[in-house]
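Those protein sequence lines, which keep their order, are chains F and B. Residue numbers for the first sequence, in the working numbering: -12 to 573. Residue numbers for the second sequence, in the working numbering: 19 to 827.
These aren't lab readings, by the way, just hints derived from the structure by calculation. For clarity, every value in this text was computed on a predicted model and none was experimentally measured. C-beta atoms are modelled at their ideal positions from N, C-alpha and C, and glycine is treated no differently. Take these hints with a grain of salt, some might be off.
Some chain B residues judged to face chain F by a derived CB distance under 7 angstroms, without partners named [as the list claims (entries may be wrong)]: (1) D301; (2) I305; (3) N307; (4) G308; (5) L782.
Each computed DSS-like pair below joins lysine-lysine, with the alpha-carbon atoms no more than 25 angstroms apart [stated by the list, open to error]: (6) K485(B) - K473(B); (7) K248(B) - K519(B); (8) K265(F) - K232(F); (9) K286(F) - K325(F); (10) K488(F) - K469(F); (11) K315(F) - K419(B); (12) K519(B) - K469(F); (13) K707(B) - K488(F); (14) K265(F) - K222(F); (15) K232(F) - K325(F); (16) K707(B) - K559(F); (17) K294(F) - K282(F); (18) K286(F) - K232(F); (19) K315(F) - K181(B); (20) K294(F) - K280(F); (21) K139(B) - K156(B); (22) K110(F) - K707(B); (23) K181(B) - K212(B).
If you want the footprint, here are the derived chain B segments under chain F, 3+ residues with CB under 8 angstroms [stated by the list, open to error]: (24) 321 to 327; (25) 716 to 725.
Each chain, letter by letter, is given below.
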Amino acid sequence: MGPLRGRKVNPDLIFAIGTALTWFGWFFALASVWKLVAVFNSIEFERPRAIRSLAISAALAGALLLVGGGMLPPLKESGLWRLPLFWPVMPFSAWLIILGGIMLASRLFAAWMAADREEHDLKLRQSAGWALLIFASISWYASDQTSKITSLTGGIRFAPSVAVGLLLFLVVAVAAMALASRATASRGVSRNVVTQIALITGSIIFAVPFVYALSTSLKEDRDMSSPNGIVWIPKVQVTVPFLDKENPLYETAYRNQTVQGSVIQQGADGTVTVDIFKPLSVRGLTFITQREKLKEIPKDALVFSGKWSDGQTIKGFVVTDLEDGRKKLRVTDPAALKDKEATFEPAQLEPVRVDGARWQNYGDALSYMPPETNGGLVYLKNTLILVILGVVGTIISSSLVAYAFSRMQFPGRNALFSVLLATMMLPGAVTLLPQFLIFRSLGWIDTLYPLWVPAFFGSAFNIFLLRQFFMGIPMELEDASKIDGCTYLRSFWSVMLPQIKPALAVIAIWTFMGAWNNFMGPLIYINSPENMPLSYALQLFQGDRTGEPGLLMAFCVMTMLPVLGVFFFLQKYFIEGVTLSGLGGR
Amino acid sequence: MKVQRWLLAALGCALATLGVAQAPKKRDLIIWGISIGADSKGQDAVIREFERRNPEVNVRILSMGAGSMDPQKLMTSIVGNVAPDVINQDRFTISDWASRGTFQSLDELIERDKADPLAPKQSQYYDAPWKEATYDGKVYAIPTSADNRILYWNKAIFNEKAKELRAAGLDPNRAPRTWSELLAYNKALTEFNKDGSLKRAGFIPNFGNAWLYIYGFMNNAEFMSADGRKCTLNTPAAEEALQYMIDGYEVVGGYEKAKSFESGFLGNENDAFVIGKVAMKIDGDWILNGLSRYAPQIQLGAAPPPVPDDRYNKTGRFANEKDTFITWFGGFSLAIPRGARNAEDGWKYIKFATSTEGRMLDYAAQREWERRRGRAFIPRMLGSREANEEAFRRFAPADKKFADALSMHIEMAAFGRVRPATFVGQTLWSEHVRAMESALYKKSSPRDALAASEKTVQRELDAFYNKENYPIVDLSIPAYIGLAVVGLLLTGAAIYFSRLKLGRLARGEAIWAYIFIAPWLIGFLVLTVGPMVASLFFSFTQYDVLNEARWVGLKNFQDMFGSDRDLVLKALGNAAYLAAVGVPLGLATGLAVALLLNTAQTGMRIYRTFFYVPAIVPSVASAVLWTWVLTPDANKGLINAAWRATLTDWLSVPPPAWLQSADWSKNALILMGLWGAGSGMVLWLAGLKGVSGSLYEAASLDGASPRKQFWSVTFPMLSPIIFFNSVMGFIGAMQEFDRMYVMKPAGNGPVGPDDSMLTPVYHLFRNGFAFFKMGYASSLAWMIFAIILALTFTQFKLAPRWVHYEAEK
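Kindly generate the complete structure, drawing on both the sequences and the hints.
What follows is the structure, encoded as structure tokens:
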């Protein structure tokens, strides 16, 4: 675009206007399609109006696209259309000025349109506020020396295939909308579409951290902080099986587990000393075994690509890692150089990688656990003990106490019940330290007892909640059982308890979550890995393996899975539980 | 006859039991603080050899948990009578532990085994490490490693930037020697990305292992007075050193930017120094093994850490100074905690592991292992001169650059200072970190930060020296009081019960009822009333469980609002911020999603699951995950990747450093909380279902717009939920702990940048279980209780003014 009125106009501004016009043009083009559908759907006497509006929008679309396109720089490459993109890069203050300007204009317009004096004044007051903001932003903008406005310009070029695909998509979408608009009131449908889109977006946002965790747990360490941004699709380095004759790898058994290792010493009597390489938990241990118990297995040799001496690119796998850091490669590709060997500096080599998950992270994470935890199973066992005992204890004790408070007459009942309600307010912090001293004097430090025994003494909130439920059961039911000669225990167990099963399920789930999540308790009471539950183990693992994020995320995913599994089966009770707790038993 | 047969059987049983008992059973020797991993082959060899020589002993290494050496865990185990037999302890804390009577003195054992060639002798050791392990003239631990810090520089980067360096008048072929040179090199080597983040840092003052200590020592700062009674953290020399660190960080764009940059660093072959993201760093000799393993080709340079210009030029204050270069010593030592069940074997192990023979065994095995994997082995520096000399004779690295670096460490050992050996060593360390961070985050001036920390350390010192002023109290008193209260209650109840004229049936029912409520009643008396009485009593004492309690009256409460006021107020302020910003945001998010779900015609259950799942993720797992999600480095952290792609690109707003920033860390926690807003959403959904449709009908008949309907019908009908949740939110924020513990940077320093993640309960936990100040922690507990009580009552009093309860109509 040439100079206007003899003065050179900022090309970015022209691009911006051109972009806006083109977008409006496309909008009207879409509107024309929509109106075309409306023409066919309209009733007889509405048709002329529909056709008129179709013509207007089509004409507008054409004009806008032409003018807008004319203002944009001509297309250099082939391709019919493009969607120009323009984005001003400016400091925050400038955005505030624009926002203020728009709001000021809209308020002033509203004031002008106002129905009564009161509204008029209100809108004027609001516009004054916006004007103030604009003023402040302008002074901010002026005061900031570094601020300058630049812009990003570009465009999405439509290759023919993209264009056809988009067109098809549009046609299908419009057809679907047209069909829908015949079935229901169009307003409801459009609203529902908007709601659904919002919900889907929200669900995606809420799910992204999970996807991130999963993808991180399957990545190689080098991809954790790649200069190209977050790597979403994990890649793994290619390996080839390699029977190393010089330094063979063997598989054998050590203390009932299969291990891989290399022979470091040959005894005279057919015994050999094996240095364990895998699993990680016993890596570096050496032990003596019989020669015939060894089975030679291929190594997983890493594949790299590099430049051969004549300049051609080769691929090969590592035969030996030399002490000074260089690697000896055996060529696999191209065929002409196959099986030749050469030594490379590490900087000359590029790992050969393909899309793929590094499942090994999960195995490694487990084998990094201390040996006495049996690959982390002990953690799971401890957590399960806490969960099961906690749930059983809470349910038995709380329901018994709640039953007594709701259905039995005894002196001091109301006084005791108010005491119970009062304890609901007591923060755990107050009793934390003395409880530690009590458990210490019992010799319970570094055992699981302090974590589950208190559950058998009932919890105030659960008792309160269950009492409400017991109160809701008709008296007649219990009276009948008493007439039948039931003892209190019997009528509690066989008549009353079955009536409040849903409430018990909810309490069980709370206790389950509480016990599974309990972190401060183990942190205070547990020292040795044999007694450690998952939550604490995960925290320690985090501190232990800062260098290997893949392993950490793998462990993290593994601790999440059981809870998520339980949730998907018992979703109903989880949701009910929230409702009960949040409404305070209302 | 019959009797005889019984007797015979019993005898047989007894014999059988004896027989079992006599079968050789190995004694467990529990060692903490030693990391066993894939690469600690030398350690394994020492343990195996020890077991071979002492076949009756079974060594158990705790590699995780308490084994990973958290002072809180060690203290809990000693207090809880489950102490390990040997502990590998950071040496500068030995005095601290010894002063509390938590470690056993080793003098008698050393004296007894004088003749044993393995037994440690003072003459074998360097002076500094040996002295560091003594307290009050007694030896409490035997030094193992001794590390000092030097300046490492990457020659490849210096070459690459030779032009820039020359332009700045600097020699690219050597490392900086003075503070001002270091700043100039730093400036010339540092590069920034287009978006303002760091591309390469020349030198990050506290990356590696430097701390304020090294700059302070160089500037002749002393952190304790000679008699150990005064903390002298706040001196002009220390202040100047801290100011120098601030200046150094200024070059790389400030502390927060450097922290963001560091958050993207990885380990091993992707180490920041190896791949050239950092050109120079001050670090210890432990990095050499890693470098030789993962980056044998690195163009490594080693130099003494740069010193103040005046010291280098011997002018000004330093005119008469003998030493030009200065470093500081650290290292570990093996000790036996009080209450160790197998102290004798523990001592045997210490003797073997610290002996020259044991050390050489360790190195030989480690070298063999590295050799088999094609790696060079580099020995670590030791506290024993004898072992060190032997090691360097036998294991000197062949590679010149590593040999040079190692000899630089050995040379610098002559100029090594140690952290003051004081019984407040741990506190002094934490407080020095707190002051340093506070000044680097520019939350206070170096002088104010140092003064505040000095005050805290001094309080510890005074408490120790003044404890004789307070009378010892018998702790059975609260126990008796508790028992008396319970007894009185029970007698009262019994009298009341016996006076009642109950029928036979009613009596039976009452007895059954008491049996039914017994679990709660017992729990209430033992786990609630008793502890409450005890806690109240403790709050007037100074008590660390191991030593006798002393009655200090109201001192704890005075401290809370006196010397410890800053931290207490900070903790309360953090909780208030989390509640005031986080709770409404969480409620609003939940409500927004619920309103959307409520209008959705289909798929409601599926969406509900999606939104609710994050709320049930185990808290530690979600904290671990979010530590990653919130990583400031936009190539690693999810949030900042999204931020950079949108806000930075469009509005040029740089992404915040989240958990690494004192101003943003709480917002980070709030953001994380929003992810778990699903439980709130379910609540709202239930509430919305409960609002009767007739109300909306009436409203729309009156011509109310949807917005008006929301504010006039929906909102009031939901007010009980809003009310209940805001009360619970405030109370919950006071007691938050798990997330903060997991997400704060490791170590015993501040909780989050400048303590921005400290909550009241966290403060209580630290005082109670990390420092075992039971008395002070109890007074904190009562303050928390008082605030919660007050909050609850005011809210319930205020509630009727605006909360709408359906039932009232």
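List, from low to high, the hint numbers that the structure doesn't satisfy.
Numbers 1, 2, 3, 4, 7, 17, 19, 20, 22, 24, 25 - these are the hints that the structure violates, sorted from lowest upward.
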